[in-house]
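Q: My request is simple: use the sequences and hints to build the entire structure.
Note that the numbering used here has the sequence shown beginning at 1, numbered continuously upward.
If you are wondering where the hints come from, they were derived from the structure by calculation, not from laboratory data.
Treat the hints with care, as some may be off.
[What the hints assert, rightly or not] Ranges between beta-carbon positions, derived for each pair: (1) T38 <-> S276: 16 to 26 Å; (2) M58 <-> D222: 18 to 28 Å; (3) T85 <-> G203: 31 to 41 Å; (4) E124 <-> T215: 46 to 56 Å; (5) D309 <-> D241: 18 to 28 Å; (6) Q84 <-> P254: 22 to 32 Å; (7) D222 <-> E124: 50 to 60 Å; (8) N288 <-> N240: 38 to 48 Å; (9) D278 <-> Q306: 45 to 55 Å; (10) H270 <-> A166: 16 to 26 Å.
[Said to hold, decoys possible] Calculated cross-link-like contacts (lysine-lysine; reagent style DSSO-like; alpha-carbon spacing at most 27 Å): (11) K261 <-> K192; (12) K251 <-> K261; (13) K233 <-> K220; (14) K56 <-> K196; (15) K40 <-> K220; (16) K195 <-> K251; (17) K56 <-> K261; (18) K56 <-> K36; (19) K36 <-> K251; (20) K158 <-> K133; (21) K155 <-> K133; (22) K192 <-> K40; (23) K233 <-> K56; (24) K192 <-> K56; (25) K271 <-> K56; (26) K40 <-> K196; (27) K195 <-> K261; (28) K196 <-> K133; (29) K129 <-> K155; (30) K56 <-> K40; (31) K36 <-> K158; (32) K233 <-> K196; (33) K40 <-> K251; (34) K195 <-> K129; (35) K195 <-> K133; (36) K158 <-> K192; (37) K251 <-> K56; (38) K195 <-> K158; (39) K195 <-> K155; (40) K220 <-> K155.
For each residue, glycine too, the CB sits at the ideal point set by N, CA and C.
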Amino acid sequence: MTNCKSKVDIMKKIIAVLLCILILAAGCAATTTEEKMTLKVGVMPAVDTSPIYLAKDMGYFDELNLDVEIVLFTNAQDRQSALQTGVIDGAMTDLVALATNRSGGFDLKATTLTDGMFVMLAQEGATDKAELKVGLMEISVSNFLVDHWLAETYKLEKVYINAIPARLEAVASGQLDMGFFPEPLGSVGEMKGLKKLVFEPVGGITPDIMAFTQTAIDAKSDALKAFHQAYDKAVEAINNDESLARETLVKNIPNISEEVKDIMTLPTYHKTRLPSVDYLQGIIDWTNGVVESELNVIPSDMIDTQFID
Numbered sequence: 001m002t003n004c005k006s007k008v009d010i011m012k013k014i015i016a017v018l019l020c021i022l023i024l025a026a027g028c029a030a031t032t033t034e035e036k037m038t039l040k041v042g043v044m045p046a047v048d049t050s051p052i053y054l055a056k057d058m059g060y061f062d063e064l065n066l067d068v069e070i071v072l073f074t075n076a077q078d079r080q081s082a083l084q085t086g087v088i089d090g091a092m093t094d095l096v097a098l099a100t101n102r103s104g105g106f107d108l109k110a111t112t113l114t115d116g117m118f119v120m121l122a123q124e125g126a127t128d129k130a131e132l133k134v135g136l137m138e139i140s141v142s143n144f145l146v147d148h149w150l151a152e153t154y155k156l157e158k159v160y161i162n163a164i165p166a167r168l169e170a171v172a173s174g175q176l177d178m179g180f181f182p183e184p185l186g187s188v189g190e191m192k193g194l195k196k197l198v199f200e201p202v203g204g205i206t207p208d209i210m211a212f213t214q215t216a217i218d219a220k221s222d223a224l225k226a227f228h229q230a231y232d233k234a235v236e237a238i239n240n241d242e243s244l245a246r247e248t249l250v251k252n253i254p255n256i257s258e259e260v261k262d263i264m265t266l267p268t269y270h271k272t273r274l275p276s277v278d279y280l281q282g283i284i285d286w287t288n289g290v291v292e293s294e295l296n297v298i299p300s301d302m303i304d305t306q307f308i309d
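A: Given below as structure tokens:
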């Protein structure tokens, strides 16, 4: 009787151990097959993209179980269309465009500033003129910065050309005296013989941002948190070794040669951050003047701070 009872006890222990093993195995399988978070973001051919591309190239997104698809646009209108139709979750854009989007009822919010570097490309002798024909976008960071950089010194005739390649060709062919360009495309123009003019950022920052739709913010908050964490890690890497930024830009942006890599002007890259209320109000006030009406937006409508550490 005693032997029988002992055998039963042993069997119970064996069964208990087997159950534990099965439970652990099931848990491991669940972890292994955990579905990756996803984001689809739009970028422009600019140095702002460096931390985003580097985070992908170095596997920083993967480390956080995030799959990021990066879509490169050369035309802001195409980027805007992709945002509004939900083709992408968010995009690299600017605060002027954001203010008009919010005022128009499009639920889009900035989650961090990005670090852009903008230059003016000029024909030889253009800076000696009193009047300048300048290529740029109308309701955008380009118009905002051109006003701050040039309007007090020159009489400006603004020619609105949204597509960056077409704008570059207009300056190179002499149709325009100057044009507004993001780096590294500014350096591409410099290599074609145009003069590159570099100005200080207004208020110490460029009004470039990553903005995401409210739909994406609500549905993909964990993915967005991971995106910003990986972005910060990439910024740390770049600030320790600037060559990483140059190499990833040449690798990921079409038509950027090795020669451009060495002459492009890079910004100081910062971890995720957002501008002050006063800066945002200044953007709104300036945009009111451009559109000649009062935007239906306040600074708090434009930003979401939850992803900033």
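Q: Compare the structure with each hint and give your call.
A: Quick rundown of the hints versus the structure:
{"no.": "1", "hint": "T38 <-> S276: 16 to 26 Å", "result": "violated (33 Å)"}
{"no.": "2", "hint": "M58 <-> D222: 18 to 28 Å", "result": "holds (21 Å)"}
{"no.": "3", "hint": "T85 <-> G203: 31 to 41 Å", "result": "holds (33 Å)"}
{"no.": "4", "hint": "E124 <-> T215: 46 to 56 Å", "result": "holds (49 Å)"}
{"no.": "5", "hint": "D309 <-> D241: 18 to 28 Å", "result": "holds (22 Å)"}
{"no.": "6", "hint": "Q84 <-> P254: 22 to 32 Å", "result": "holds (25 Å)"}
{"no.": "7", "hint": "D222 <-> E124: 50 to 60 Å", "result": "holds (53 Å)"}
{"no.": "8", "hint": "N288 <-> N240: 38 to 48 Å", "result": "holds (42 Å)"}
{"no.": "9", "hint": "D278 <-> Q306: 45 to 55 Å", "result": "violated (21 Å)"}
{"no.": "10", "hint": "H270 <-> A166: 16 to 26 Å", "result": "violated (31 Å)"}
{"no.": "11", "hint": "K261 <-> K192", "result": "holds (15 Å)"}
{"no.": "12", "hint": "K251 <-> K261", "result": "holds (10 Å)"}
{"no.": "13", "hint": "K233 <-> K220", "result": "holds (20 Å)"}
{"no.": "14", "hint": "K56 <-> K196", "result": "violated (30 Å)"}
{"no.": "15", "hint": "K40 <-> K220", "result": "holds (11 Å)"}
{"no.": "16", "hint": "K195 <-> K251", "result": "holds (25 Å)"}
{"no.": "17", "hint": "K56 <-> K261", "result": "holds (20 Å)"}
{"no.": "18", "hint": "K56 <-> K36", "result": "holds (14 Å)"}
{"no.": "19", "hint": "K36 <-> K251", "result": "holds (25 Å)"}
{"no.": "20", "hint": "K158 <-> K133", "result": "holds (6 Å)"}
{"no.": "21", "hint": "K155 <-> K133", "result": "holds (9 Å)"}
{"no.": "22", "hint": "K192 <-> K40", "result": "violated (34 Å)"}
{"no.": "23", "hint": "K233 <-> K56", "result": "holds (11 Å)"}
{"no.": "24", "hint": "K192 <-> K56", "result": "violated (31 Å)"}
{"no.": "25", "hint": "K271 <-> K56", "result": "holds (16 Å)"}
{"no.": "26", "hint": "K40 <-> K196", "result": "violated (33 Å)"}
{"no.": "27", "hint": "K195 <-> K261", "result": "holds (17 Å)"}
{"no.": "28", "hint": "K196 <-> K133", "result": "holds (16 Å)"}
{"no.": "29", "hint": "K129 <-> K155", "result": "holds (9 Å)"}
{"no.": "30", "hint": "K56 <-> K40", "result": "holds (12 Å)"}
{"no.": "31", "hint": "K36 <-> K158", "result": "violated (46 Å)"}
{"no.": "32", "hint": "K233 <-> K196", "result": "violated (31 Å)"}
{"no.": "33", "hint": "K40 <-> K251", "result": "holds (20 Å)"}
{"no.": "34", "hint": "K195 <-> K129", "result": "holds (14 Å)"}
{"no.": "35", "hint": "K195 <-> K133", "result": "holds (15 Å)"}
{"no.": "36", "hint": "K158 <-> K192", "result": "holds (23 Å)"}
{"no.": "37", "hint": "K251 <-> K56", "result": "holds (12 Å)"}
{"no.": "38", "hint": "K195 <-> K158", "result": "holds (19 Å)"}
{"no.": "39", "hint": "K195 <-> K155", "result": "holds (20 Å)"}
{"no.": "40", "hint": "K220 <-> K155", "result": "violated (47 Å)"}
Of the numbered hints given earlier, the model fails hints 1, 9, 10, 14, 22, 24, 26, 31, 32, 40; all others are met.
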